[in-house]
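Participant: Chains as they are written, first to last, in our numbering: chain H, 15 to 286; chain X, 4 to 545; chain G, 157 to 636.
To be clear, the hints were calculated from the coordinates, so they are not data collected in a lab.
If you're wondering where the values come from, they're calculated on a predicted model, not measured in any experiment.
Each hint should be verified, as a subset may be incorrect.
Using 20 Å as the maximum straight-line C-alpha spacing, the simulated EDC-like pairs for lysine to aspartate or glutamate come out as follows [claimed, not checked]:
no.: 1; chain 1: H; residue 1: 284; chain 2: G; residue 2: 424
no.: 2; chain 1: H; residue 1: 284; chain 2: G; residue 2: 447
no.: 3; chain 1: H; residue 1: 141; chain 2: H; residue 2: 84
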Amino acid sequence: MITLSPKHIFKVPVEAECISPDVFAEKSTKEIAMLQIWEGNRKRTIGDFFKIKHGTDSSSEEITIRISGDVGKVRRIGAGMSIGEIIIDGDIGMHLGEEMEGGIITVAGNAGSWVGSMMKNGTIEVKGNAGDYVGAAYRGSTRGMGGGTVIVHGNAGNEVGCFMRGGLIKVYGSVGEFVGIHMRKGTIFVQGNSEGRAGAEMTGGKIVVCGWVPSIVPTFTIDSIRPKVKINEETITGPFYMFFGDLAEDGNGRLYVSQTQNPHLAFYEKYL
Amino acid sequence: MDLAIRNGRIVERVDEKKAEVIDASGMLVMPGGVDIHCHIAGAEVNSGRLLRPEDHFRDVEVKTAVTRSGVGYSIPSTFTTGYRYARMGYTTVMNPSMPPLEARHTHEELDDTPMVDKATYPLLGDWWFVLEHLRDGQIEECAAHVAWMMSATKGYAIKIVNPGGLEAWGFGRNVKNLDDSVPYFNVTPREIVRGLCKVNKLLNMPHTIHVHTNNLGKPGNYITALETMKCVEDLAEGKRPVIHITHCQFCAFKGSDWQTMSSGAEEIAKYVNHHDHVTLDMGQVIFTDTTTMTADGPFQYGLYNLTGNKWVNHDVETETSSGIVPFRYKRKSAVHATQWSIGLELALLIKDPWKIYMTTDHPNGGPFTAYPNIIAWLMSRVARKKTLGKISKRARRKSLLPSIDRELSFYEIAVVTRAGQAKALNLTQKGHLGVGADADIAVYGINPEQIDPSKKYKTVRRAFRRAAYTIKDGEIVVKNGQIVKSVFGKTFWVDVKTSLPMEVNDDLKQKFREYWTVEYENYPIPDRFLHFPAPIPVKAEV
Amino acid sequence: MVPVISGVTCPVCGSFCDDIELVVKNNAITDVKNACAVGVAKFLNYTNHRHVIPLIRKNGELVETSLDEAVRKSAEILVDATYPILYGWSSTSCEAIRVGLELAEEVGGVIDNTSTICHGPSILSIQDIGISSCTLGQLRHRADIVIYWGSNPWSAHPRHIERYTAFSTGRFQATAWRGYLSRLGAILTKKRLMRAVNLVLRRDVSAPPGIDRRLPYSLFRKGRKMIVVDVRRTRSAELADYFLQVEPNSDYELLQAFRMLIRDEELDVDEVAGVPVEILEEVADIMIGCELGILFFGLGLTMTKGKLRNIDAALSLVRDLNQRTKFLIMPMRGHFNVTGANVVFTWQTGYPYAVDFSQGFPRYNPGETSMIDILCRGESDAGLIIASDPVAHFPREAAQNLVKNPLIVIDPEVTPTSLMADVVIPSAFVGIEVEGTAYRMDHVPLPLKKVVEPPENCLSDVEILQRILREARRIRRRYN
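Chain H on its own, in the form it takes in the complex (with noise of 0.2 Å):
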């Protein structure tokens, strides 16, 4: 295990790639120390702004890295990292784990926008809140998250799982507007509300809201009322309204919305 604490409180965005487990194998205390780092418009090292304590484990299988402090301003830690894992005290910044192909990421606070986005494989938990475009896609581009899990335990802001194309995010409390917008595979999973627009856009996958959602986009259809619905091995108790869209796209999505919390809803019930 080694453990990273800031020296300081970050003003300016710090980019801190390299705190991965991948690229710390196999590296002593000095060479951690080395590693580049970007403030604002400045370059720094690992030891200018980090306290490196190296536990004594060596194999690289089992790398962990753990960070205490306040790195809230710090970006894209874990970015692309396949092994090992991170374990984060606080708060972390935005682009966390961003592209990521395996090991595992914790975070005991809130985390910035774009967690997992493009993610290939891996799994994230934020036992905080998370910002906007957890898994989703860079700017233009189709190729969202493919596969590995994110966990939110608080909130999620908007756009959760934008252009996801596999994979598994799961939401305890509520998330903000467009849930799953331009999904085309993959699963997302809200225990919370939707602040609306769930599923707006998509052409495939799945998305499960246990709460409450203001309307559903027009361009949805619904299909039947489902007692439960399946988030991988886990079973989820509805009852559930479940509606195919988004039809603007000739899409096959499937968007399950808990019937009890959503009365205001019943009106669908006569198309069935």
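Guided by the hints, dock chains X and G onto chain H, whose structure is given.
Facilitator: For chains X and G alone, coordinates are given in the frame of chain H:
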């Protein structure tokens, strides 16, 4: 043999004691590369850049002491475009599609494209003035207006794209063949091509008309390509070309639909081998994710329908249109693989390398940074075979490449990548190393006397990727593929002098207000607008 | 003979009219022809409230200084900063923006233009969907259905309708002005009659009249027709053949619903955005049945709930409409050169706004590298503001964080931002005192004219930025 350079020109000799000496022994020395058709500047290109941030973020160029930063991949930013051409030993590039109303935009971007000399071709094939004059048979009037337009937009050649089709696209339609009348204008694509060919001759333009044919990208369109070439056969004089068919691969399809689509390269090559009035450029396809962009609005909309990819359309009042669609060419697609084969078949079956030039119609077929790959394919049967082994089986079966033994020599490569293009453009100071030429020189780290390109195609590819030296106007600007000095090239434009200049009276100004939404006086680009203008005066026959 | 300068482009809004005529006497503009009220106001009043001497803050007060000192201090501020921001750009020339980008790259800062608070969302959705668009002349010649959605051109782009759309005449379509006048006559007559009737019958007129959603006959005849879609009856709505009033914050649903209706498909719901589906079906028929339609949209879509996805739906709708007829879409750009800012940013960096040079190459991620977000998070440590007034327009938290740090302002006028600056460099007015190039909302580049001489100390933005750039390079060489 030695080359002497002074004041940016190749001269007979210089004082060796005072000169900087570059030892290029054992290396390949060629004139700097000339690219006759690459979309690098202007409204359409920039819309493509804006459309595709995802094309840029993985391909970046960091700022250095000598160079500005930028991004690639298929539509690089302007500084990056210039640097990447220079690194490959290219020194002159032609932007082939400029909507006249937005000419300022093209020139602003060309001014920000370093390292290379450049020029651009205004799109005139659907301009209302042209359509009306040709409908009424007024060739000389048409010529006078085209001459004015060439100066107003600081253009180099007459560009025609899907003649008649772009005007029809103004209402969402297209033209089907050379004799399909343009709605509301009562003129046919054949009349447009012939009319502008005559105009081009009357104006003594350095280049021929530069034509993107009707029915681009449609199976069976090789017939349209042949008809377009034939329709100006009678206007040829002697052995001089009168028409240039651009990115010919895209208009060399046989078949009636995508299932039956195959190569029409053989028929086209046969025609071109027996006629001297035509030049072509390849429009070679590379298996990659790239961006298509042309002035052919209806064709680009068709591509959107085919792929479902994002689609940009921009119609320009009174003049032209454009469209942009990202596109991925896949090895395992029978159609894409056939397209790949067609480009090479054209280059290898047309016997005279002075008639067919190497381009990818950047970025339509692929980024220009793939040129070294094409050189390898042209020079090595083994290289072609290797790629053939990876493509769709159906395409491999239909491809003519296995039966073609020809491999281009270094001399022929010099022709298809520089000398031929310079000649077609009539850039008398480019594309050769004779005394009086601009000192635009590329030195490649490959010994033509020792390397067998047929076997060592990988070495060839490497060498052409990173020039050992690129010299621009007599200054060393690239060493070992690195930019060592940033320079800005010139923008050529043709200053056509007619005997009677077009009369600018109130009638014309009123016509302007009726046709365009800009005032007459704000349309032409003043001479001082370009940072490095190089007008080429030409005396017209009208 | 009074000297009249013709063909002047108006440096105010995205309509960028180029037929303005100015009368200039003794280096002052005395008369303006052809411009709208906003343009006239600028040409005649631009010299009020202007800076003419560079200022620098010493001991909390702004005092006069030399240009050299102001330039030196500006360069110092930028070079010392770890994450400087350079913002504005939309009201100056492309030539100045080119230098600005070079400066941002040199100092490793973030450069952003006013798209970030205006049509940035439109750009984001264009990057996902694409856009079917054109130059304005295409519409003047061909458009028979003109839709303004969430945009009020009569107030914000006053000459738009008469120059380019419903009240203009082109090759294939004539102006609808006469039709509007007779409609207006009929409406006024009806209003007078109703007033008289209500008086006689002593009707209670305090309650607002119910919305009559029926499509008028004029929408079905040949010729140009204008439709306005908005949440309230704007002045532009008064001009339209048909005003479709929609519930606030439901435009996304409505646009998506239209996507199905134009394919003759049915919806599961009876009304969308407060409008009955039967009415929407008729509107969809009008859209499909046109020869060429245009959808203009403004901040009613970009800055209401849904933001960029409202535009996503609009772009997708217009794209889908092209299966049935010819349809185009265009954002109503605000400033006269915000389009130019996008254009120049894109050709030099690959990205249209929110460009971060801090690592030596351009990076783009609105939300991360965009001005409001950076400022609200308090991440920048210096700022250069040019051709813009963020203190007046930004959210308070952003403005507070902006002025907390060293701030350089380049502007001809005294603005709330310049009053809070640490360095103020007065510049000349582009399009009046300095020439240049700017891009109209439809990407057509036009020249900005110089018609009068600027005051002695007021250099062009280009020159000021070039001086700061030179000085910044000098300082960095010294550090190395």
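Participant: Among all the numbered hints in the text so far, which are the ones the structure does not match?
Facilitator: 2
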